[in-house]
Amino acid sequence: MIERLKSCFLKEMPFFLAAPAVLWAIILFLFPLLCLIFTSFIDQDTGLFSWYNYHHIANITIAIIIIRSLFYALLTTFFTLIIGYPIAYYVAFYARAKEYMLFFLTLPFWTNLIVLVYAWFFLLEREGLINFLLTKLGLITEPLQLAYTTGSVILVMTYCYIPFMIMPLYSVLNKFNMRLLEASCDLGATYFQTLRHVIIPVSLPGIRTGIILVFVPSFGEFIVPALMGGAKQLTVGSLISYYFVVSKNYAIGSAFTILSGLILLLTAILIYFLITLIKK
Amino acid sequence: MIALLMRLSIRFLAVCSWILIFFIATSYQQLNFFTQDKKTLNILGWPQIIDREFLVEFENKHNVTVHITYCENNEEMLAKLTVGGSHGYDIIMPSNFFINHYVEHTLIQKLDHSKIPWLKKIDPQILNLPFDLNNRYTVPCFWSVYGIGINHKVYKKPLLDKSWKLIFDNLNENYLVGMLEELPQTYSLMGLYLYNKLNNFSLEEKRTILEKLIEQKKMVLAYTDMRVEYLLASGECPLVFSASSDMAKMVKLYPYIDFFVPKEGSFALLDSFAITFECQQKDLVYSFLSYLYDEGVLNQYAEKFEFTSPLKINQLLTTISTIFYFERIYSEKEYEDLWIEVKAA
Amino acid sequence: MHQLSYGFLLLRLAVVLTLAFLYLPLFVLIVFSFNSNPFTQEWGYFTTEWYSVLWDSREIWDSFYNSCKIALQATILSVLLSTLFVSFANQYYKKHLQFLFYASLAVPEILVAVSLLGFFSLCFIPLGPMTILVGHTLLGLGYAVPIIYTRYQEIDQQLILAAYDLGASQFQIFRTIIIPLLFPSIIAASLLVFVLSLDDFFISFFCCDATTQTLPLYIFSIIRSGSTPVINALSAVLLCITSLAIFCFSLLQMKDREKR
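Chains as they are written, first to last, in the working numbering: chain U, 1 to 280; chain L, 281 to 625; chain W, 626 to 885.
Next comes chain U alone, as it looks inside the complex (with noise of 0.2 Å):
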């Protein structure tokens, strides 16, 4: 019976090696997530199941703070796929040293972000490099005020999140059948004709999951507009630190947080599904 029992341990050995990452998975990420939407649903209060915080942050203000985020998100989106795409498109067909140009492409990403938002600081402030440089070659006589605004904030986003556009751009355009541009040479087609014909259709995976990949997590930036934007702007992600580290309302917290990831939600599949059809 010993026997039987001994063997069967050592035959769920396996399981048991394996089982503490999917376990730490289960239990960190998807367990916690269902208690913050468990959270949500509870009033502070009486303790009970209750619609309360989902009324209390459903108006006009929080609204526009959600807006506010998918409009930045939006175009930082932007920004990074009309700075990255060309970037990508070098790197993939004309360059020689295409690993070592990825990794110096990537390195400033390595450091810290607040480090590289910090460093923005040097340039954009009155005194700073920009200004100076404007100053000194007389284009303008009054200091611009650059840092503190929303341009600002966009900006040092779009600088945060390039990598992670480039990344699969680069990836798609590297695996690049090059018949099909000898092809469409063959058939007489200009340059921009191939390039909106053939390049841009067969990169549109890539540029789907860059969309993706900056999109949703600069949705919830909220370093950047806190320390860049001066805090005037509220942010989701400014909302829901301030929620759970300042004021530690766990529950309406987590009624937005829940809230504002469902937004999120939906407009990235609208964003995925958008240009799925555009594929077609």
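Heads up, a few of these hints could be off.
As the list claims (entries may be wrong) - In silico DSS-like links for lysine-lysine, alpha-carbon gap of 27 Å or less:
id, chain 1, residue 1, chain 2, residue 2
1, L, K497, U, K248
2, L, K498, L, K433
3, L, K543, L, K395
4, L, K360, W, K694
5, W, K719, W, K884
6, L, K360, U, K248
7, U, K175, W, K880
Stated by the list, open to error - Over 10 Å on every C-beta distance to chain W, these chain U residues come out as not near it, computed from the model:
id, residue
8, L5
9, R68
10, L70
11, F78
12, K136
13, L139
14, F219
Calculated from the structure, these hints are not laboratory results. In this text, a Cβ means the ideal position worked out from N, Cα and C, and glycines have one as well.
Dock chains L and W against chain U, hints included.
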């Protein structure tokens, strides 16, 4: 069939054992806490006032380890003291407007004045204040007043009117100011500026204050926690709303930077030491406090963190006539909604 | 290949401008770390005093030590767990549970951090270095599992079958075949997770208590209080460290791909 059951039960056991290991590992810290042999003195305090650097002598003399836990705000301090059972804190550092809360809930105990003869060494202007008459519960430590910092290189006009109007109401003049993130104080100061009173605002007055704050946002460059003096020094803003303790450094370094308290008056913040009710090592606490005050170690901290030590006569105090000690108008929850309204506008 | 001259030049220009855009802030940061003027941006004189202040500062070393400790533990834990998972889990589970690990990356990190915070308070787990470690390991798993699994899928199954035929037990196979073959990807994953954990801000911010100070948190609090160029010096040093680690990581990945 039995084999299947055995397999499932073994797997279940495996999962349970991993979960148990996880919880033991994460609660290890708490368990460790209770089995410590060496005496500890646990302080709940603020980051830029006290740290462990100058306490080595005290620790060696009394053979004790001093643990300091830092908080960001008073609510967090209260939560750490009350929520989740006794954490063994001996000393806390409440701000002046929270002291009566602690007294009401018997969280701090009365001081034995016979054990603190050095109390008279402290500047009398910060002793015996209305929120703790005769210093029954607290010993003052850190004093700061809110005011306006000005960079004369950027604000080139002569300073005629030393009033809160400069940062609260000057929309027609084209400059941007830096503000602190502290809404309760800003709110009360706006109330002081508009209505010249500290509390008992009517609902309509409260509404006006909020609207004015939202309107004032147009002339705000940035809301920061502690970066206002940097904004001033780097020339980003001509004027900032800040506290005296933060501006001290800048005023010393740069001759063109100045700090003043507007004529309508301002709020002062006082952080003090208090002994918790649950403290069992009162003698140790009194020796610690005398180490700080009587032996002047607090001056070392004041120098390090650049605040005015309570042991030195504070000349700034004597020049200001209208200083009030800050009290809250709203509850914390109501501030939350106000904060969101102002920020989201 | 299409090589319209002016179009190509334009593309080259775009690339150069973008690279300049990417590196300009870092360049400025490093240059200003030698500025003598602490608070404004006027150039005083060239000095390395901030680097010596950095070297002497006890708090920075404390938080660096904390960060490294947590990063090391998180790396060991996540790489260990992912290797065990990839080697020992049932094929069925591996294919279908993979998304579980990707999901922690797909979701905005603030959501992960916030739900962890809720979980910890629900189970009365005190916040501290342990909770930060837990969070970092979660993130680490999301990166380590794909890297190691991709490599595992390319292991020749014939080798394993042969070993079974020769009578090896599962653990012997693990020790002598799987680990050596997975070794490059294990190192690569460790480097990646270490750098990630060192730089991580979101999870540390939400899951820490007031006493634990990791390096990103310390930098954040210092920046918020108007810093001296010590932060520039610190950033320059961090940049060197992390770029070295990532350089090794890329080299390993490249060599690995060449070998196959």
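A quick look at each hint next to the structure:
Between K497(L) and K248(U), the direct Cα distance comes to roughly 25 Å. Compliance with the 27 Å bound is thereby established for this hinted pair. Our distance criterion of 27 Å between C-alpha atoms is met by K498(L) and K433(L), whose separation comes to about 23 Å. Distance check on the hinted pair: K543(L) and K395(L) sit about 40 Å apart at the alpha-carbon level, beyond 27 Å; violated. Between the alpha carbons of K360(L) and K694(W) the distance comes to roughly 26 Å, so the proposed pair stays at or under 27 Å and holds.
Straight-line distance between C-alpha atoms of K719(W) and K884(W) comes to about 26 Å, which keeps the hinted pair within the 27 Å bound. A threshold of 27 Å between alpha carbons decides the hint, and for K360(L) with K248(U) the separation of about 12 Å falls inside it, so the pair holds. For the proposed pair K175(U) and K880(W), the alpha carbon gap of about 19 Å is at most 27 Å, so the pair holds. Consistency note on L5(U): stated as away from chain W, and its beta-carbon is indeed over 10 Å from all of that chain's, at 19 Å minimum.
No Cβ of chain W comes within 10 Å of the Cβ of R68(U); the nearest lies about 16 Å off, and the non-interface call holds. Every Cβ of chain W is farther than 10 Å from the Cβ of L70(U); the closest lies at roughly 13 Å, confirming the non-interface assignment. With a least beta-carbon separation of about 16 Å from chain W, F78(U) lies farther than 10 Å from that chain, consistent with its non-interface assignment. Once the 10 Å rule is applied to beta carbons, K136(U) is consistent with being away from chain W; the minimum gap is 13 Å.
Under the 10 Å C-beta cut-off, the non-interface status given to L139(U) relative to chain W holds; the minimum distance is some 18 Å. The Cβ of F219(U) does not lie farther than 10 Å from every Cβ of chain W; its closest approach is about 6 Å, which violates its non-interface assignment.
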